[in-house]
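In terms of UniProt numbering, the sequence shown opens at residue 1 and continues consecutively.
Derived by calculation from the structure, the hints in this document are not laboratory data.
Here are the simulated BS3-like cross-link-like pairs (lysine-lysine), alpha carbons at most 27 Å apart as the crow flies: (1) Lys454 to Lys317; (2) Lys172 to Lys375; (3) Lys615 to Lys275; (4) Lys409 to Lys380; (5) Lys268 to Lys308; (6) Lys298 to Lys606; (7) Lys255 to Lys228; (8) Lys544 to Lys578; (9) Lys536 to Lys228; (10) Lys228 to Lys243; (11) Lys275 to Lys264; (12) Lys291 to Lys275; (13) Lys317 to Lys253; (14) Lys243 to Lys253; (15) Lys426 to Lys317; (16) Lys606 to Lys268.
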Amino acid sequence: MILMQLNQLTKRFGAELILSDIDLEVQTNDRIAIVGRNGAGKSTLLKVMAGEMGYEEGNIFQSKETSVGYLEQHSGLESNGTIWEEFSRVFDHLKNMEDKLRKMESEMADPDHFASPEEYQDFLEEYDRRQNEFQMAGGYRYEADMKAVLQGLSFPESMWDQSITTLSGGQKTRLALGKHLLTKPDVLILDEPTNHLDIDTLTWLENYLSSYPGAVVIVSHDRYFLDKIVNTVYEVALQRVKKYTGNYSDYLKQKEADFEQEMKQYEKQQGEIKKMEDFIQKNIVRATTSKRAQSRRKQLEKMEKVEKPKDDAKSAKFTFQIDRRSGNDVLKTDNLGFGYPDSDYLFRDVSLDVSRGDSIALIGPNGVGKSTLLKLLTEKLGPSHGDIMLGANVQIGYYDQEQSELNRKKMVLHELWDDYPMEDEKDIRTILGNFLFTGEDVLKPVSALSGGEKARLSLAKLMMQKANLLILDEPTNHLDLDSKEVLEVALVDYPGTLIFVSHDRYFINKIATQIVEMQPEETRTFLGDYDYYQEKKREEAELKAIEEREKGKPEAAAPTEGKRSFQEDKAAKREERKRLRRIEEIETEIESWEQKISDNDDELCKPEVYQDSGKSGELTEENRQAEQKIEALMEEWEELQIEE
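With the hints as extra help, turn the sequences into a complete structure.
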């Protein structure tokens, strides 16, 4: 069922064209990602869809019954009430229904209230009808829904009576998200919903949105999140949108394939045009060939030209280098702890052993002290107890997620040049150009920059330091997807040592060689990337579940037939994951071979091909071999299905 449809929609800000001829469709159970570079118009498109902003041309079709919920980027819940009171307001209509039911129940308890048995029977039937409506509307589960959402968004029961005015900006943003989730509109529009969420909360949100009963439209820079959630991607570029089917990774593959195909078509036509132009130039003045040349000229004039594929913007270009190499032992902490005066310890007994070339990701729930730990390592704060030891020749470069190192009063050019006054202005401008500050952009005041621009400027300053130990606090915040990929490449090639905090699981998996998990009760190190860390956590959870089951059994109970040891259980689960992966691989291979057959069939339909016996025979043989491959793959697929 179509819930919303945009046809030929155009949006301008004054004379500036933002969106042009936008066609977009939202159906029930769609999970749509809107992607594109910063400034491409993604948030504007969401506001237009949500009815928060008008448009100049085109139409939006939406039935009166379709409800739309919109969570704006950086918006927070503002209220003088408590968390529980504010969430309860979502269900005021259910509480009114419940009050009426309680009143009816009181009346039913008094037989004298009714004039006759018939009136009493009518009353019972009305009560049954209202009770059924109440149940269908979720009247018996709304409190459970509230508790599930609050706990999922990292608000423990101890906080539910807390006034919202006492919360941080990030907590208010999470509450605004939670309230929209509970409202359950038919079309839920979310602009950067993953901001301020730790990894556990992100995982919960992914599961919640996967089973959401309506359609979801999302703008997010979290690639891992998009891969888990979405089934359709609309890319906003050059004022237009283009639709792709699949998740974010599918979109990247399709986009690359489309670009290559469009470039081949363009280059092929350019070759044809060049031949025709050469023929015309050589033959237009010859009496014997003039008519043919004129005919070619007319043909060339009528030819529908293929436009050269365009990219919507330049990418940043940078690398991180070092002035000198550090010793093998870069940094150690021994029983490090920190607490603010008159408060409990934020964390205790953190021991790190960092060697040259390590890339360490600090992860853990919000509020556990990850950013504080980085400030201790950079001497922005002093530890409450414990020691920090730096190795020989260690030079620290620090990226602060708040960009507090930037001077808001300076121009972009001088923010960099003042730190390196011996450099030529031309060289400083070149460096800034690599970070997408060109022309008059370098004369902007820092205070006028967007979050993404401040992030790029901070990275430019960090690059100039040539430090051999980079300590980064949420470096991907505010960066668009393209800039994240550029940063990843730069850090993968970085010859120094990395310690960073990030909630971007894709980024962590690409960069980290170690995961340090900070929890209130302990800090643990996992030697591997994020996928390895997840695998180890799953194994620990399985072991714990088995141990819990074993605890519930009598000690003297004999082992039952078919009971497996933990190692056997783990091996079985590993084999099951392998089986499922192979099924997915087979399905992908079959689709690839079927596409090959389809492409060959299209070629065989062309007169110049089917009239060429050699070419047509070659394509027919390719199809025969492809069909044999598909048949073999289908046999393997069926065998794997039987093993389930």
